[in-house]
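Participant: Take a look at the letters that make up each chain.
Number of protein chains: 2
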Amino acid sequence: MSHPSDWETVCARRKRAQYESIPPGWIIPALPENQLNVMDVPRQSGLLDDLEMEITETVDVQIILDKLRLAKWSSVQVTTAFYKRAIIAQQLTNCLTEIFVDRALERARELDEHLARTGKVVGPLHGLPISLKDQFTMKGLETIMGYAKWIGRYAESDCVLVEILYECGAVPFVRTNVPQTLMWGETMNHVFGRTLNPYNIAFTPGGSSGGEGALIAMKGSCLGVGTDIGGSLRIPSAFCGLYTLRPSYARLPYAGAKNALEGQESISSVLGPMSNSLSGIKIFTKAILDAEPWLKDPVVLRKGWSESEYQLAHHGNGGQLCFAIMWDNGVVKPHPPLHRAMEITKKALEAAGHKVIKWEPHRHLEIYKNAETIFAADGGHDYRQQCEGAEPLIQTMSPSTDSHANALDEPLVKGLVGEPYHRTAYELWELHAEKRELRKSHLDYWRATVDQTGTGRPIDAIISPAVAYTAVPHGLNTDSFYTTLCNALDYTCSVFPVTFVDPELDDPHPPHRFYNHEDEHIYKLYNSELFPGCPVALQLIGGTQEEEAVIRMTEIVAEALDRMH
Amino acid sequence: MSHPSDWETVCARRKRAQYESIPPGWIIPALPENQLNVMDVPRQSGLLDDLEMEITETVDVQIILDKLRLAKWSSVQVTTAFYKRAIIAQQLTNCLTEIFVDRALERARELDEHLARTGKVVGPLHGLPISLKDQFTMKGLETIMGYAKWIGRYAESDCVLVEILYECGAVPFVRTNVPQTLMWGETMNHVFGRTLNPYNIAFTPGGSSGGEGALIAMKGSCLGVGTDIGGSLRIPSAFCGLYTLRPSYARLPYAGAKNALEGQESISSVLGPMSNSLSGIKIFTKAILDAEPWLKDPVVLRKGWSESEYQLAHHGNGGQLCFAIMWDNGVVKPHPPLHRAMEITKKALEAAGHKVIKWEPHRHLEIYKNAETIFAADGGHDYRQQCEGAEPLIQTMSPSTDSHANALDEPLVKGLVGEPYHRTAYELWELHAEKRELRKSHLDYWRATVDQTGTGRPIDAIISPAVAYTAVPHGLNTDSFYTTLCNALDYTCSVFPVTFVDPELDDPHPPHRFYNHEDEHIYKLYNSELFPGCPVALQLIGGTQEEEAVIRMTEIVAEALDRMH
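Going line by line, the protein sequences match chains A and B. Anchor point for the first sequence: position 17 equals 13 in our numbering, and the numbering is continuous, going up by one each time. Anchor point for the second sequence: position 347 equals 343 in our numbering, and the numbering is continuous, going up by one each time.
Please note: incorrect hints may appear among the correct ones.
Each pair may be met inside one copy or between any two copies, as identical chains are not told apart.
Below, a list of computed lysine to aspartate or glutamate pairs in the EDC-like style, where the Cα atoms sit at most 16 Å apart [said to hold, decoys possible]:
#1 K354 to D447
#2 K354 to D62
#3 K436 to D2
#4 K135 to D98
#5 K68 to E261
#6 K351 to E339
#7 K254 to E426
#8 K254 to E138
#9 K282 to E163
#10 K11 to D46
#11 K68 to E16
#12 K282 to D498
I should point out that these hints are in silico values taken from the structure, not numbers from a laboratory.
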């Protein structure tokens, strides 16, 4: 083996420092090499006492907040419990970046004292530990975001989200892993390494918010914050069986957070919550909007939480809804478990008295191409600049090939959108004009469904896969065809878990007439023996800036699914 | 004289067709050559009967709507009255592009019949004639927008704004002139020629919504719609003594309207109303927002008219407000009449019980440079493309020099922002990152005024000049330093008239220490003998997406000014 180069040394040193920030008593023994599913290790490890198990197994975030408010549980207890479990998750899935136990517990102690002294909570998230994707800068901590060059960049102030979380009484307690460049649907970088899926560590948790995905799936956090520009909240939520909300552009405050493609505003990255419970999604969204984030972030819409929109004022007050299922987007056909999840959801909704019709895709490939071309408008200049002189640009997420040898983009996408090159400002404007035409066309198409619903309204939401498959082996996630649609059109959407892959029920489908090379490749990936036990989730798509309504409609779907069990 | 070239012939033919679309009975005799102020010609012309004079002299749009609703005046009467007066204005100031008398009167007749038959109005703008800047496409009419090449481009559908105006019961009745490229603060193109200021036809009405400015000043329309990317609603409103509202990006529906720099989304052009009355501004804005424009334009914010924001819920319910006056932006010092207008406004507001403090400019020149660099990011590619093979690109608005001989941009601005060149996508992203930092910095600066107001809130609004001077001779308008600030920061703002230039009161100020070459140039332009009688207006600047509050605060200012008379 050759000597490590400088960047390898620098990264290894930072990784060691991370390991050393773990309290020694929280280290667990190594697992058998052949154990793929690690979901039960926290329970088996013995590291958590009964109360810590009870706390971390409490899925409903509202219950945790209630216990904190009533001082049944202290913030120190809750933060310690989730921290210990997060550290277990870290040892199994490598999901964390920044670890700062003392700082978090100090904050929790202050909150406990405040409550004891005043009898009042600081805010709606009082005492709650919250995990944050590595982009969300915190004063005094590094923001490395998957780049070797960023090691040692200590933030001088909190980003606006963190400011508001503090005002709300939350306890930011860990930061979570991302891929180099943020523009992958998996999670691996040279500093902190690769994050694994706890349902099968040979599989990816997805990305780019994959650290959050693995952590929350292991109940190492009950509520985390990720970001999404092409599926980065939804892919890990789908692969790890979580709820998430991808809000529309500029509804939640991004100011001060770091980002890839800084200044790219054509299709904006957004931040959103990830949680094991829908209550977590709603509580986070409402808390941030109630804090009037536009007073601190000039880009945020001046539009607070709307209770009437949550009560579906524009959707017949939630009486009978009409959903349209997109069984297939005409670009990539979903794997059998996704098809079964849609069947389950259809039956559940119909049993609950709602209507379900079929969604025929509208110009999906054109929309996808436009978005992907925009993301690559700088021809990779931004990525190269971040890596230059510090580390190689990662060319593939596959662990089985030399990770720096391949082409810039996964060949599948390149086949659809062509070779990227650095475009001019005017060429970018042309892409914007095309994007606007596509958005207008899609909106008109949606509105025209009023003729098919029988409710007097257009369809209330679309239900579709978030990804065409469930979690896949590392290096094989290439699909953002279902997610990117919503980024490009700025439709608010959620992800909700439905079931798990079951080899008894999810036989391979016979081959269809393939739409393209990508579709064929993805079809061949499926084998019911490979994926058993992986979570299967779907996406619910509402209109632009319909955060409140999308949350409520997702609750309605989840309640309908619950009643089927 | 040489033979006209092809483009001159084509433009002349189109201009003749426009003349021929005027009903022969509406032609007025030529005026004496030395008559500069034409404001009284409509009254003197004898073309309007008593009712038509009464209708067109009714400044308050609410009164006109009430009379229409109660059938005291028919829409045919109102539309005919304004049409005749618009045609007079056209002959004096050359403010119109599309003239379609029969079509408008047919629409008016249908509305009258509907009201007579059903006893109900079609919508909140029932029967009201509304003028539209040439960008707002109407099915079956050309959209020429100041480009020779666009002659003969007949629209196949209405833009979303026109769709909604029809739903609201309005009568779009004329379209109005613009400069070639839309990116001038004056109004002249090769097809329809130059628009003149009715207060002094040797002066510009401003631009780019200069056709609306001249038309509404002459009461040829009581309510018109223009657009603004750097001051194009506010400059003509200030030069012509009108009210306007520059809404924030994407609050009102632009979809389907034509534009310059199509696809430029970094600093968005917005549409807004122009009127002789504030009631016109409010009625238009509320009507469009109540129509839920986001259902037709995917870019529009899902945020309807908020009555509580109009009632200043976030500004102490309008009790005691605190305004900050920007006496000087530190880039260009305003002319004496503007200074006097600010003094008048200060006294009026204090007499009404409000507080007035001084606004110290914050990074104004940096903000201006960033915005102007963004507008020129394509190095002029878009303009050249629209003109290429059809007509020369206009290089100056000055009538005294060969209009195609000079440099691309007015040298004054070039001195500040440098030579434009075609930037890359990444360079544009860098400008966006800079813009975001500037917006955040300015917002924080605004919020920090909470320490100076004594109201417990930051200042409620800034009051400043819209332009550093009143209307100037053709070719001499170079200042967008006061207006562009709001486009760059996306602050909602209005313009309101205060007084008129008075040589007795508006002596030249002694020279100050000039900030730059532009400031010196503009200082030397002033001479109290040159400008008498020209309207003097100011700008009121509120927060982003504060349309309702800005309208209400402008009403409060206007009421305070009224009480001073």
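Participant: Look at each hint and say if it fits the structure.
Facilitator: Comparing the hints with the structure gives:
1. K354 to D447: For K354 and D447, the Cα distance is within 16 Å only inside one copy (13 Å; across copies 58 Å).
2. K354 to D62: neither (41 Å within a copy, 48 Å between copies)
3. K436 to D2: neither (51 Å within a copy, 38 Å between copies)
4. K135 to D98: within (15 Å within a copy, 67 Å between copies)
5. K68 to E261: neither (45 Å within a copy, 51 Å between copies)
6. K351 to E339: Only inside one copy: K351 and E339 sit 13 Å apart there, 64 Å across copies, limit 16 Å.
7. K254 to E426: For K254 and E426, only the inter-copy Cα distance (14 Å) is at most 16 Å; the intra-copy one is 28 Å.
8. K254 to E138: within (11 Å within a copy, 47 Å between copies)
9. K282 to E163: within (14 Å within a copy, 35 Å between copies)
10. K11 to D46: Classified as neither; 32 Å inside a copy, 87 Å across copies.
11. K68 to E16: neither (33 Å within a copy, 84 Å between copies)
12. K282 to D498: Intra 36 Å, inter 55 Å, cutoff 16 Å: neither.
Checked against the numbered hints given earlier, the structure breaks hints 2, 3, 5, 10, 11 and 12 and satisfies all the rest.
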